[in-house]
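Q: Generate coordinates for the entire structure from the input sequences, incorporating the hints supplied.
In the order they appear, the protein sequences are chains A and B. Sequential numbering from 1 applies to the first sequence in full-length UniProt numbering. Sequential numbering from 1 applies to the second sequence in full-length UniProt numbering.
Bear in mind the hints are in silico, worked out from the structure with no lab data behind them. Possibly wrong hints are sitting among the right ones.
Note that identical chains are pooled: a pair holds if it fits in a single copy or bridges any two copies.
[What the hints assert, rightly or not] Taking lysine-lysine and the DSBU-like style, the derived pairs with C-alpha atoms no more than 35 Å apart in a straight line are:
| id | residue 1 | residue 2 |
| --- | --- | --- |
| 1 | Lys360 | Lys435 |
| 2 | Lys497 | Lys360 |
| 3 | Lys418 | Lys35 |
| 4 | Lys109 | Lys360 |
| 5 | Lys497 | Lys19 |
| 6 | Lys314 | Lys40 |
| 7 | Lys35 | Lys266 |
| 8 | Lys19 | Lys306 |
| 9 | Lys93 | Lys19 |
| 10 | Lys93 | Lys314 |
Protein chains: 2
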Amino acid sequence: MPAEKVELADLRPLRQEVKPTQWGVAAPCSSETFKTRSNKSKPLARDWTDRLSHESASRTGSSLKGAFKHLQNPNIISLGGGLPLSEYFPFDKVGFVNPQVANGQVTEKKLESYAGKHDLRNGQSVFDLSVALNYGQGSGSAQLLRWITEHVEIVHNPRYADWQCTMSIGNTSAWDMVLRMFTKAGDVVLSDAYTFSSATETASPFGVKFVGVEMDDQGIRPDSLRHILNTWDPAEHGGSPKPFLYYAIPTGQNPTGSTQSTERRKEIYRVAQEHDLLICEDDPYYFLQMDQFDPSSKPNDTTTNKPSAADLVKMIVPSFLALDTDGRVIRMDSFSKVISPGLRVGWVTAPEQIIERYKKHADVSTQSPSGLSQIALFKLLDEQWGHAGFFDWLLHLRTEYTQRRDVAAHACERHLPKSLLSWSVPEAGMFLWVKLDWEKHPQAAGKTATEVEELVWHDVLAEGALVARGSWFTAAPSKTANEVFFRITFAAAPLDKVEEAIRRWGEALRKSFNIQSEI
Amino acid sequence: MPAEKVELADLRPLRQEVKPTQWGVAAPCSSETFKTRSNKSKPLARDWTDRLSHESASRTGSSLKGAFKHLQNPNIISLGGGLPLSEYFPFDKVGFVNPQVANGQVTEKKLESYAGKHDLRNGQSVFDLSVALNYGQGSGSAQLLRWITEHVEIVHNPRYADWQCTMSIGNTSAWDMVLRMFTKAGDVVLSDAYTFSSATETASPFGVKFVGVEMDDQGIRPDSLRHILNTWDPAEHGGSPKPFLYYAIPTGQNPTGSTQSTERRKEIYRVAQEHDLLICEDDPYYFLQMDQFDPSSKPNDTTTNKPSAADLVKMIVPSFLALDTDGRVIRMDSFSKVISPGLRVGWVTAPEQIIERYKKHADVSTQSPSGLSQIALFKLLDEQWGHAGFFDWLLHLRTEYTQRRDVAAHACERHLPKSLLSWSVPEAGMFLWVKLDWEKHPQAAGKTATEVEELVWHDVLAEGALVARGSWFTAAPSKTANEVFFRITFAAAPLDKVEEAIRRWGEALRKSFNIQSEI
Chain A
1 MPAEKVELAD LRPLRQEVKP TQWGVAAPCS SETFKTRSNK SKPLARDWTD RLSHESASRT
61 GSSLKGAFKH LQNPNIISLG GGLPLSEYFP FDKVGFVNPQ VANGQVTEKK LESYAGKHDL
121 RNGQSVFDLS VALNYGQGSG SAQLLRWITE HVEIVHNPRY ADWQCTMSIG NTSAWDMVLR
181 MFTKAGDVVL SDAYTFSSAT ETASPFGVKF VGVEMDDQGI RPDSLRHILN TWDPAEHGGS
241 PKPFLYYAIP TGQNPTGSTQ STERRKEIYR VAQEHDLLIC EDDPYYFLQM DQFDPSSKPN
301 DTTTNKPSAA DLVKMIVPSF LALDTDGRVI RMDSFSKVIS PGLRVGWVTA PEQIIERYKK
361 HADVSTQSPS GLSQIALFKL LDEQWGHAGF FDWLLHLRTE YTQRRDVAAH ACERHLPKSL
421 LSWSVPEAGM FLWVKLDWEK HPQAAGKTAT EVEELVWHDV LAEGALVARG SWFTAAPSKT
481 ANEVFFRITF AAAPLDKVEE AIRRWGEALR KSFNIQSEI
Chain B
1 MPAEKVELAD LRPLRQEVKP TQWGVAAPCS SETFKTRSNK SKPLARDWTD RLSHESASRT
61 GSSLKGAFKH LQNPNIISLG GGLPLSEYFP FDKVGFVNPQ VANGQVTEKK LESYAGKHDL
121 RNGQSVFDLS VALNYGQGSG SAQLLRWITE HVEIVHNPRY ADWQCTMSIG NTSAWDMVLR
181 MFTKAGDVVL SDAYTFSSAT ETASPFGVKF VGVEMDDQGI RPDSLRHILN TWDPAEHGGS
241 PKPFLYYAIP TGQNPTGSTQ STERRKEIYR VAQEHDLLIC EDDPYYFLQM DQFDPSSKPN
301 DTTTNKPSAA DLVKMIVPSF LALDTDGRVI RMDSFSKVIS PGLRVGWVTA PEQIIERYKK
361 HADVSTQSPS GLSQIALFKL LDEQWGHAGF FDWLLHLRTE YTQRRDVAAH ACERHLPKSL
421 LSWSVPEAGM FLWVKLDWEK HPQAAGKTAT EVEELVWHDV LAEGALVARG SWFTAAPSKT
481 ANEVFFRITF AAAPLDKVEE AIRRWGEALR KSFNIQSEI
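A: Laid out in structure tokens, this is it:
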């Protein structure tokens, strides 16, 4: 099968046969076992060993978990690990009711599935509660890791051979672990000028700062990135060495909503190669790419030529992982925006050497994601939907988010004073980023941009709408910003409330700026 | 109600009324809201601010999560956070089948419960999938935190006023977070001479070493602890300052199986007061305390005078938390050994100042435990069993573990060569700690204890039994040990296999040491 082929059909015939012990309690597992395509012609990833932090390099891993490998031999009785017996898990059965999706639409039919305690032993499933509710490995369970590995092949099909996946408990934790793997106090991470506030808040307590790179409508600018790297002088940055970690949110960026085009990604990747950067691709909104905004459309327009699930994979912009020839991308995926945040399951894809360090770290900190979450995802994604069904669901989300975005964009047109505010309509994600001409504020004289931002934010709150302040997202908060932005999300409220909140926002601004009549 | 009273009855009438928004998506919560007893007469905890690491002290928390407080006002429409809508969670309903327990025994009857997407809105429950499957707070959900807070009151009833709980994703992660809160590279943590290997493996990559304190049958020795602290000279410890963190596994210690008596705990606590130690009480085996071992009993003896669930609370040894008058104990509890490890839910109890730092850290790393795990626990522990039912379950576990321990102890008597091995029968936990007279090994001359340990371990493995090597658990692995121990667990295999594995172990040892006839 050509490596480029997008394959959404049932992958089960392509699956390698694995030993039954692979599905057992805390069985070690690796993406290598689950790849359905040959990697033989691909090169190996660059070696990042020289960049590992002392903390990461010195991890020896858990000796107890190491001993689990002997349990692959069914003749060995284990008195080794303190794993409780499944008869002491007071859950006999867990059942799930999930929606069925077909052609990008949720149908009337409901899918029901059950996980019993001994489905594995009884030959009913390769995953059951006796395994899911016991201890696991840092990688997560083999059962779900197989599905994830296949998904990565379908969507990103990495260009180097030794890529692997491991589960995370979410991208925030994954980022925390990547930072501890590759940075030390005094280091600098490069990012968009405005970036996800939790990403900087994760780093700053251990002395790692962000330096923001100029952005345009497509996010980070390659020329600015190159300039910063070409002219880096530690003396100008409090002694920080030249950065080698770039934190990217390439799709539906948080907070600006910008999406890097394919060409932009390639340019950025070239800069990364020139300066040997490691790209940490935090991409939770990847599958919230939307149809193009048509300002003349009615919000409830539904296209007659609906794309299929297979079209979806072709329509979406390639990830950095898909472009990565050198193994310089650590991609962090999350189920949070496409299935549910509360499950606390995501995954990381990177060269095997990095995944190995990650798993060792997980073994002595986060351990594995919740086994209950894992079996819920396995039942839905592997046993019920399969890859094709998941893409049908993603197609459904695309339609829904397109509609929500359109409603928000039209409401902004209708309700926001254009003499004060400007924005562009996002192609992906959950956010609309709105710039305020703050100097027009009656009390602007003698106030900083941030002070006006605060003033206006409280006015909007008093009118009954909560929006996020742009200053929360500055990569380097110490610099005095001279711009004011607000981030609004069209994802979190019912559609009529989104419209109403935007109306209140416009209202609050007109009061605040004394421009009652204009919209 | 007197603070000392053990209360297992339905606590619902004592619950404070809380605002409905408390049960909403990512609603901030605090144990303070859920305490059923007055704390007015109790003193406040010692202030630990001066001991916080730079990392912990400089945490400002998540600005986004901080904004959630405004959502307590139902009139405010949020365009603030990127929280997906529950209609995009492809789980309509999750059902659970759990065992019923009465008088410490599992009955024939099964308990069934369901979590729907909008049970909260529909008035059917205070917790539902729309909340559980969305983002949460570092503390975990209010719904389960209430139950946990009440449980802590029932069992430990802390003696100072400003204690709080927060959920963790398990004790390994909690320990990782405590270390990052209170230590820096070069620091030393005190522990038992043999301790949980993951605890040291978590600490060592960031340069924090363990120093082991001498142990006897009751675990750590107060005189040794005092001596180490009295005579601490940084020069003798590579410059490490005098330690102030003591990592304790007071009950069914891993790996030695020892349990500190009440008197021992009080003595240790006095040393902690003298030297201003902070005690980190890692206590997953607390409820695996067993009946006394009677060497003359038959393994399947069942006592006729069964204790009740209320008796259980009186029978168990008090925790450090229960003895803590100063707020110098960070207690880590886990559902892993009493419900299921795969749920990845535990909790931490400590002074409010420490819990506040912990939650801030969780917000930018682990976030909350899986919402699916939380709602599974809530349905079972709050809605189905209640506190009384949970104690009935614990009583059941006590009976089961007592029986397992007895089978293992009798099997050791029967199968192990006493000229080589010695052990004492544990009162709690999962482990039997067996000392080997390694110098009797035919190849002992010219070999170290650890080399003989390895040799014997492989012999045992070849005979078909996996046990854990004592050297994996040395607090300070650099020191050349002159003793050989093995840890066996009677928790993880079916009873007949436990006996068989112990038989194989004895067999392997007799072969290894050339003492075929003797048992």
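Q: Next step is simple, just say for each hint if it's right about the structure.
A: Verification of the hints:
no., hint, result
1, Lys360 to Lys435, "between (44 Å within a copy, 30 Å between copies)"
2, Lys497 to Lys360, "between (46 Å within a copy, 31 Å between copies)"
3, Lys418 to Lys35, "neither (52 Å within a copy, 51 Å between copies)"
4, Lys109 to Lys360, "neither (43 Å within a copy, 42 Å between copies)"
5, Lys497 to Lys19, "between (53 Å within a copy, 23 Å between copies)"
6, Lys314 to Lys40, "within (25 Å within a copy, 65 Å between copies)"
7, Lys35 to Lys266, "within (26 Å within a copy, 57 Å between copies)"
8, Lys19 to Lys306, "neither (42 Å within a copy, 45 Å between copies)"
9, Lys93 to Lys19, "both (25 Å within a copy, 33 Å between copies)"
10, Lys93 to Lys314, "between (40 Å within a copy, 33 Å between copies)"
In summary, the structure is inconsistent with hints 3, 4, 8 from the numbered list given earlier, while agreeing with the others.
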